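Chain by chain, the residues run as shown.
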Amino acid sequence: MLAFLLRRLVSLIVTVWLASIVVFAVLQLVPGDPALLMLGVNAQPDTLAALRGQMGLDQPILTRYLQWAGALARGDLGVSLTYARPVAELVVERLAVTLPLALLSLVISTALALPLGLLAAARRGRGGDWAVLGFSQLGVSMPSFWIAILLILLFSLTLHWFPAGGFPGWGGGIGPALHALLLPALALALPEAAILARVTRTAVLDTLAEDHIRTARAKGVGRAAVLLRHALPNALIPVATVLGLQISFLVAGAVVVENVFTLPGLGRLLYQAIGQRDLIVVQGVVVLLALFVVVVNALVDIACALADPRPKGLSS
Amino acid sequence: MRRRLPLSLHLGAALTLLLVAMALLSLLWTPYPAEQVRVIARLKPPSAAHWLGTDHFGRDVLSMIMVGARNSLAVGAAAVGLGLLGGVPLGLLAAALGRWGDEVVARLGDLVFAFPAVLTAILLTAVLGAGAVNVVLALALFNAAVLARVTRGAALAVWRRPFVGAALALGRGPLSATLVHVLPNIAGIVVVQATVLFAVAIVNEAALSYLGLGIQPPSPSWGRMLGDAQTYLFTAPLQAVFPGVAIALSVMGLTMLGDGLRDWLDPRHRSSGVM
Numbered sequence: 001m002l003a004f005l006l007r008r009l010v011s012l013i014v015t016v017w018l019a020s021i022v023v024f025a026v027l028q029l030v031p032g033d034p035a036l037l038m039l040g041v042n043a044q045p046d047t048l049a050a051l052r053g054q055m056g057l058d059q060p061i062l063t064r065y066l067q068w069a070g071a072l073a074r075g076d077l078g079v080s081l082t083y084a085r086p087v088a089e090l091v092v093e094r095l096a097v098t099l100p101l102a103l104l105s106l107v108i109s110t111a112l113a114l115p116l117g118l119l120a121a122a123r124r125g126r127g128g129d130w131a132v133l134g135f136s137q138l139g140v141s142m143p144s145f146w147i148a149i150l151l152i153l154l155f156s157l158t159l160h161w162f163p164a165g166g167f168p169g170w171g172g173g174i175g176p177a178l179h180a181l182l183l184p185a186l187a188l189a190l191p192e193a194a195i196l197a198r199v200t201r202t203a204v205l206d207t208l209a210e211d212h213i214r215t216a217r218a219k220g221v222g223r224a225a226v227l228l229r230h231a232l233p234n235a236l237i238p239v240a241t242v243l244g245l246q247i248s249f250l251v252a253g254a255v256v257v258e259n260v261f262t263l264p265g266l267g268r269l270l271y272q273a274i275g276q277r278d279l280i281v282v283q284g285v286v287v288l289l290a291l292f293v294v295v296v297n298a299l300v301d302i303a304c305a306l307a308d309p310r311p312k313g314l315s316s
Numbered sequence: 001m002r003r004r005l006p007l008s009l010h011l012g013a014a015l016t017l018l019l020v021a022m023a024l025l026s027l028l029w030t031p032y033p034a035e036q037v038r039v040i041a042r043l044k045p046p047s048a049a050h051w052l053g054t055d056h057f058g059r060d061v062l063s064m065i066m067v068g069a070r071n072s073l074a075v076g077a078a079a080v081g082l083g084l085l086g087g088v089p090l091g092l093l094a095a096a097l098g099r100w101g102d103e104v105v106a107r108l109g110d111l112v113f114a115f116p117a118v119l120t121a122i123l124l125t126a127v128l129g130a131g132a133v134n135v136v137l138a139l140a141l142f143n144a145a146v147l148a149r150v151t152r153g154a155a156l157a158v159w160r161r162p163f164v165g166a167a168l169a170l171g172r173g174p175l176s177a178t179l180v181h182v183l184p185n186i187a188g189i190v191v192v193q194a195t196v197l198f199a200v201a202i203v204n205e206a207a208l209s210y211l212g213l214g215i216q217p218p219s220p221s222w223g224r225m226l227g228d229a230q231t232y233l234f235t236a237p238l239q240a241v242f243p244g245v246a247i248a249l250s251v252m253g254l255t256m257l258g259d260g261l262r263d264w265l266d267p268r269h270r271s272s273g274v275m
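Residue numbers (my numbering), protein chains in the order written: chain A, 1 to 316; chain B, 1 to 275.
Okay, chain B solo, but in the shape it has when bound (with noise of 0.2 Å):
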């Protein structure tokens, strides 16, 4: 029988697909040229020209939250798949070598998690300079000590399966192994946590954008508009609005497809977990 989708799924999907068409929209079409400055036009509120108005150098709001959307993309993905790339092989390489393995990766996980993924960007940008680059360098650090962790934790519990010890008894070597019957059996999970830490990414990146560490300008992303727009709360209120609503409903979607994905497949954890 086919089980029905879950509504958070349908949501998250629909709200994550608004996202990327947005950028990906960007790419060929904006309103206005978003790093088009116009003085005169500044702090516009919005109107039929500019629907959501102007910023303080007359730059026409909507284009910059698009192209703001493809920066958060670009960070996200960058900071994701780098965290897959790195956390997955670990995780599986510590569940097959069992107790030893197991142990370096829960201690390289503690020793990451001591610091917050926004310290480890600062600290990278104190060293090295702001920029995209530093950014991603040091959310991709958090994320591949998380997906490692979870990683881990899946593939042990499918190494304890009886299939798994029959193909081992039947000759299969451990690698074959995980490669054959452990990663596709922990594919969901890895990507229900992909998910959420792709959500966690565009948040810390408008973080640190917002304190001027993350993407430079005149590149616009949504972090430093809310910083911008906090200079003019008197006089564009609106402006501190738009770009924080923009990160609120891509975390939103990405977090509500997370769930989705997770309660389709493992019902049992109907709406039940954390973000």
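Okay, chain A solo, but in the shape it has when bound (with noise of 0.2 Å):
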């Protein structure tokens, strides 16, 4: 287990600084001068030559990734141009908005996922198991920034239940704010439940034909009983899984589904950056949800390494 735990970490360190590498390269394919480039034609030579040497352009590009790289590692992302701040600070502001809508469909699309993937394979074959799959069918097929504004056009501007975008803040209390993020967080975990519930029916229905289920049964075990407390948690391996490797989806998803609503997220913060060129932003943004990905996909893998009853080498 240690050996999988290390190597796993070294795994971990080598993909980071490799995204890192890329992100830095990326941005050096800037056609021209990027200090140009952001700053626009009309740019006067001085403040030209000032950006030019906070992004240390008159340095070999060896040294100025690893100036960047460590002040990456001190948490220092530069200075945006178009908000004159810190991007570090920027991203903390605008997580405030982005982490909770994350969380928020999380829990919506696992709270949908498992019993609708219980009752397919409860109900294997049947007008129920149907249900379900054509429910997985249809939301995978939906990409979630149209799920978006079909939520939006009935429950904002028919129904009037919820706001159509926008973001009051954290400041007014708990309830404004959910409020405000429970539409685009639904339209994100739609297509997730979709794909959930889909794993949980194959996982709860390989487990199903397995001995110590027959065993369980054997003995007197209800239905019921079987399906929740010995079906269950061995099929919730393969969903946490997937809902792990749905994290990069739910990543690239919130990008465009904040721009639906209008919420003041990292992904608007993106979006919004390439509008205005500001290249440190989209930088210090792409490498850290990057990251994001990277360390969620590690602690997905080791969850699931610690959980699996069998043995570690046949587990990683």
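Think of the hints as simulated: they come from the structure by calculation, not from any bench.
Owing to the predicted nature of the structure, the values given are computational and were not obtained by experimental measurement.
Watch out, some of these pointers could steer you wrong.
[To be verified] Facing chain B, a subset of chain A residues (Cβ under 8 Å, in silico):
| no. | residue |
| --- | --- |
| 1 | 14 |
| 2 | 18 |
| 3 | 19 |
| 4 | 20 |
| 5 | 137 |
| 6 | 143 |
| 7 | 145 |
[What the hints assert, rightly or not] Simulated coverage check for chain A against chain B, where a stretch passes if three residues somewhere in it have a Cβ under 8 Å from a Cβ of chain B:
| no. | segment |
| --- | --- |
| 8 | 25-36 |
| 9 | 85-92 |
| 10 | 265-273 |
| 11 | 292-304 |
Backbone N, C-alpha and C define an ideal beta-carbon position, used for all residues, glycine too.
Two chains, each in its own frame: build the complex with the hints.
Structure representation (structure tokens):
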């Protein structure tokens, strides 16, 4: 187990290091002078020179990378050109929207998917199963940003139950903030739930076919108890693995859905930074999101390895 | 005995054929030129003249959806084609080289998966500008990583089978064994994965075009049509429905085709897979 943990940690560090190189390298692909690209052709020469200095453009590329990576390790993501504030500060501010949004959508998708998956497995081949599989097929096929638009159409414009966009902030209390986050979280959660319900169904069916379940049934354990106490816990490992993999889709989905609802989160910050050609913000946010995905995937791997009762050589 | 084709294969193939037919037809004919602006006929509801209505520039929505199908298919085909060209040889090589090559492909995969395709596309468009080419590049990179991993896994399983060992013992080289024995045996798995990735590419292209980073106007794209429709949700709500239905039916067709192919190729998997 220790060997597995060490190996996973080394691979995590290598991936993080390579990801930082990739983000840095892509930003070097800017055709021409990055400072000119960011400030525009009408920029004053001294402003241009100052930005070149801040970005270290007058130094060799390796020095520039080492300085940037060193600052990144200290949590310094540079200073945004548009906001004239440290990018790290902006990120922390925006995380107050993106993080609760992501968590809420994870909660909704799991709360929908586990019962639906169980129901489908319990009713295999019957109406309930087909209904869940139909929901799953539909959910997988609908992009989250379209679901978001349809939710706005129904719940905001027609029924007036939820705001069509914007975020009141946490200052006014948890209620209004969650009220504003519910539709975006639902839009993100539905496609995730569709995939997870299917994974849960498959995992529960696989577990139900195993010997220990037959033994439990033979010993007189009821059908519902077998499902909840024996099949579901065993099925949680594949479900958690897929949930971990979905994190990267969730990050991508959040970038788009935040823009549908004009939520001031990280995704909106990134999108606006592209429009404003604020490459320092783009670089900072992308590298952070990539690190987040890598770390979550590593944690899921480790959690699954810890939870898996099989010998570790097989599970890693 | 001939096995019956799964229902999902029939439905998936039918929907996919419909999409391809619509895209091909748009090369020859659309009800109106897709880029024709008629401001006097803007935001009209569906009618006999415009079956799906018109958008905020008075453009015919059905014609735009037909041409949009062509654009979606082109981006998907390019992203999956390039992904296949890059990923399959890499996966085969990793399996043939064994431990060392395996490690390299696994680490490269980890790296690419750190960047969801949409994020890579955003990074590329931030640096190189918005457009379909950068979207294709970003999606192809992601697809290549997925296909390399799938190919490697499947190829490793084939390498362990006795007939490959026998071929090697008879003097066949690793390259020849890969091409003659390994590749034909994993082709099915790769095709299934490519079909699913095609669907994912269509969704991602639509999302990026919605943000204005993908296919650029005046060329129609389903994602951008949804973005435009959002502005007119009050006055023309149906405009936010039709392009979405087109995306959903295409993705549904391709995922069902992938599911059906997998069930057909490997009946043990029947209706149990993800996407």
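Here is how each hint holds up against the structure:
no.: 1; hint: 14; in the structure: holds (6 Å)
no.: 2; hint: 18; in the structure: holds (5 Å)
no.: 3; hint: 19; in the structure: holds (5 Å)
no.: 4; hint: 20; in the structure: violated (10 Å)
no.: 5; hint: 137; in the structure: holds (6 Å)
no.: 6; hint: 143; in the structure: holds (5 Å)
no.: 7; hint: 145; in the structure: holds (6 Å)
no.: 8; hint: 25-36; in the structure: holds (count 5)
no.: 9; hint: 85-92; in the structure: violated (count 0)
no.: 10; hint: 265-273; in the structure: holds (count 3)
no.: 11; hint: 292-304; in the structure: holds (count 3)
Of the hints listed earlier, those the structure fails to meet are numbers 4, 9, in rising order.
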